[in-house]
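Enquirer: Line order of the protein sequences matches chains B and A. Under the working numbering, residues 237 to 557 are what the first sequence spells out, in order. Under the working numbering, residues 237 to 557 are what the second sequence spells out, in order.
Honestly, I wouldn't trust all of these hints.
Straight-line alpha carbon distances no greater than 20 Å define the calculated SDA-like cross-link-like pairs of lysine to any residue that follow [stated by the list, open to error]: (1) A:K363 <-> B:I359; (2) B:K338 <-> A:P343; (3) B:K265 <-> A:D395; (4) B:K260 <-> A:K370; (5) B:K265 <-> A:E249; (6) B:K370 <-> A:Y366; (7) B:K265 <-> A:E387; (8) B:K370 <-> A:E257; (9) B:K363 <-> A:E358; (10) A:K527 <-> A:S431; (11) B:K265 <-> A:K260; (12) A:K265 <-> B:R388; (13) A:K338 <-> B:D325; (14) A:K370 <-> B:M324; (15) A:K370 <-> B:E257; (16) A:K468 <-> B:P266; (17) B:K265 <-> A:E393; (18) A:K370 <-> B:P362; (19) A:K468 <-> B:G341; (20) A:K265 <-> B:S384; (21) A:K338 <-> B:S384; (22) B:K370 <-> A:L342; (23) A:K468 <-> B:K493; (24) A:K265 <-> B:K493; (25) A:K265 <-> B:R305; (26) A:K363 <-> B:G341; (27) B:K370 <-> A:R268; (28) B:K370 <-> A:K260; (29) B:K370 <-> A:R274; (30) B:K495 <-> A:P343; (31) A:K490 <-> A:S392; (32) B:K493 <-> A:P343; (33) A:K370 <-> B:E358; (34) B:K554 <-> B:N503; (35) A:K370 <-> B:K493; (36) B:K363 <-> A:R305; (37) B:K338 <-> A:N326; (38) B:K370 <-> A:E393; (39) B:K495 <-> A:E393.
These are calculated hints, taken from the structure and not from any lab test.
2 protein chains.
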Amino acid sequence: MKSPTDILGRLDEERRMVNLEIQKTLVGKPDRLYSAARHLCLAGGKKVRPILCILSCRAVGGATEQAVRTSAAIELIHTFTLIHDDIMDNDDMRRGKPSVHKTYGLPTAILAGDLLYAKGYEICDPKTVYILAKATSEICEGQELDMSFEERTDVSEADYMEMIEKKTAVLLRAAAESGAVIGGATEKQAKSLASYGLNLGLAFQMQDDILGVTADEKKLGKPVGSDIVEGKKSLIAIKAIQSLPEAEKKELLKILKKKNNPESEINTAVRLFHESGAIDYCRKKAEEYVKNAKDSLKDLPKTESREDLYRIADYVIKREL
Amino acid sequence: MKSPTDILGRLDEERRMVNLEIQKTLVGKPDRLYSAARHLCLAGGKKVRPILCILSCRAVGGATEQAVRTSAAIELIHTFTLIHDDIMDNDDMRRGKPSVHKTYGLPTAILAGDLLYAKGYEICDPKTVYILAKATSEICEGQELDMSFEERTDVSEADYMEMIEKKTAVLLRAAAESGAVIGGATEKQAKSLASYGLNLGLAFQMQDDILGVTADEKKLGKPVGSDIVEGKKSLIAIKAIQSLPEAEKKELLKILKKKNNPESEINTAVRLFHESGAIDYCRKKAEEYVKNAKDSLKDLPKTESREDLYRIADYVIKREL
């Protein structure tokens, strides 16, 4: 068995098929709008969600080809949320390039997101429309929660879990469930894969939060500590606020409240995250959710695709970007 | 037979059913997001698109109840495009109230639009997903064209027709076609109703452009002449530029190029629109498209719903708001 970090390489062929489908879909006029729509889609990205969809389809006996179009649709929907999030959060960088609104301006960036979302429904399997639409509604709810947390100092761990479930995990759930449905899953199998996707998504977001304050800036493709600058209430921030002695807690809250922090303040916040044990706490939580994800798969047939889903679960918390 | 302007009153019960469905759909948390999503949906609006969907369903032998949810979905999708358009066009007023971004700020307005769009796909008939998604992609293309025209002085009548077909007419086409499909139309009937919707939509947008410079501000629900301020290339503007003598043409182009025009300049532009014959030209064009719309229905069974579709066609160019 390959190491967890090899798993995405192992699935290069599937990723190539998804990319091809996306390229075919994003052809049209006016040029400027379609360029903006392609900007992020073809700027790399791990394609975790499409891969989940394809593997889930195969894990219940379906074929890759059945799931490719819906997989591409899910990546389009994901990219639509990234483009709009970057506008709302004022994020200038994404995947190592200027974000869409920085490159094409606000109006075309809004439209490019809208277009990607519409294209998603043009190409997805009709059986998956409700699953995808429900997930997207929840993503909107999650993003609104995330933004409202920026102004609050009383965000609890439960608040955070609800927020990341909606903002991130439901789309991974939808990806796995869609693949299952396309592949002809029994109701029980579809539920198992949905549960796998949800738990994986929770771990995925926690790891994202950890990488956002610990990763190498080049690998990350955006500035380290941007969550701190925006005052995002990640589980790391919540736990640190809860655990730190009064003086350091005050210092941290002041930094989180402020916008445009200098590097020295970002470094202080990161140091406090480490010292408070918040990062370790978050890592452990992420590991628990990965374990839950894997447990969800226990009744599925023993196939290579199920093995790949196990590997992806391990990868999610071991990845460095 | 009632006069054309009575037609919307005649269909009050259908409108009530659609409104109820929308209200049921837009319940959720966080409150702020759902309030923003309800802001425009429940601020009146003629509900022309849902009505088209329901009448088209009935015109091919279907029942109202079959089409109500998809009708509501179409209104949600329409409202989503209005919210995002108002952001892009910097429009502060809509339906006599401050626009969503003026009331809730940019981030929540973007999200409220996204949420409405997602909810549309949650409730529509799966058979209509492709029709609606295709139309929405085209709406995005049309909006990008509309914005790009603002900077151009060489926009032709054909350019304008392509733009309004995409920006406005395709959603009326999709509404009629969806209703037909839900009602069990033959392929030929679905095509006839799609053609009706498309032609009606073209006339509808032309009448909107006319009302935008001739209507009573109170009825319009937004400032008269906002298209002039934004330098929009309506058919009226295009025709006036083509027909006016050199000096007046220059004057008009200067006004259209400028932003934040004083009232005196808006009045000058409106006067030039009238004097050039551009408004009359546009009215005639709109009448032609209404005739095309009606002609599309000639092979449908003779029912009261078909009569209503005729009446709506007349209403579209006789309405004052």
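Enquirer: Now tell me if each hint is right for this structure.
Expert: For each hint, the structure was consulted:
| no. | hint | in the structure |
| --- | --- | --- |
| 1 | A:K363 <-> B:I359 | holds, 13 Å |
| 2 | B:K338 <-> A:P343 | holds, 16 Å |
| 3 | B:K265 <-> A:D395 | holds, 13 Å |
| 4 | B:K260 <-> A:K370 | holds, 15 Å |
| 5 | B:K265 <-> A:E249 | violated, 41 Å |
| 6 | B:K370 <-> A:Y366 | holds, 17 Å |
| 7 | B:K265 <-> A:E387 | holds, 18 Å |
| 8 | B:K370 <-> A:E257 | holds, 17 Å |
| 9 | B:K363 <-> A:E358 | holds, 12 Å |
| 10 | A:K527 <-> A:S431 | holds, 12 Å |
| 11 | B:K265 <-> A:K260 | violated, 37 Å |
| 12 | A:K265 <-> B:R388 | holds, 17 Å |
| 13 | A:K338 <-> B:D325 | holds, 18 Å |
| 14 | A:K370 <-> B:M324 | violated, 26 Å |
| 15 | A:K370 <-> B:E257 | holds, 17 Å |
| 16 | A:K468 <-> B:P266 | holds, 17 Å |
| 17 | B:K265 <-> A:E393 | holds, 18 Å |
| 18 | A:K370 <-> B:P362 | holds, 14 Å |
| 19 | A:K468 <-> B:G341 | holds, 19 Å |
| 20 | A:K265 <-> B:S384 | holds, 12 Å |
| 21 | A:K338 <-> B:S384 | holds, 18 Å |
| 22 | B:K370 <-> A:L342 | violated, 23 Å |
| 23 | A:K468 <-> B:K493 | violated, 42 Å |
| 24 | A:K265 <-> B:K493 | violated, 25 Å |
| 25 | A:K265 <-> B:R305 | violated, 32 Å |
| 26 | A:K363 <-> B:G341 | violated, 36 Å |
| 27 | B:K370 <-> A:R268 | holds, 19 Å |
| 28 | B:K370 <-> A:K260 | holds, 15 Å |
| 29 | B:K370 <-> A:R274 | holds, 18 Å |
| 30 | B:K495 <-> A:P343 | holds, 17 Å |
| 31 | A:K490 <-> A:S392 | holds, 18 Å |
| 32 | B:K493 <-> A:P343 | holds, 19 Å |
| 33 | A:K370 <-> B:E358 | holds, 6 Å |
| 34 | B:K554 <-> B:N503 | violated, 23 Å |
| 35 | A:K370 <-> B:K493 | violated, 43 Å |
| 36 | B:K363 <-> A:R305 | holds, 18 Å |
| 37 | B:K338 <-> A:N326 | holds, 18 Å |
| 38 | B:K370 <-> A:E393 | violated, 41 Å |
| 39 | B:K495 <-> A:E393 | violated, 49 Å |
Going through the hint list in order, the structure does not satisfy hints 5, 11, 14, 22, 23, 24, 25, 26, 34, 35, 38 and 39.
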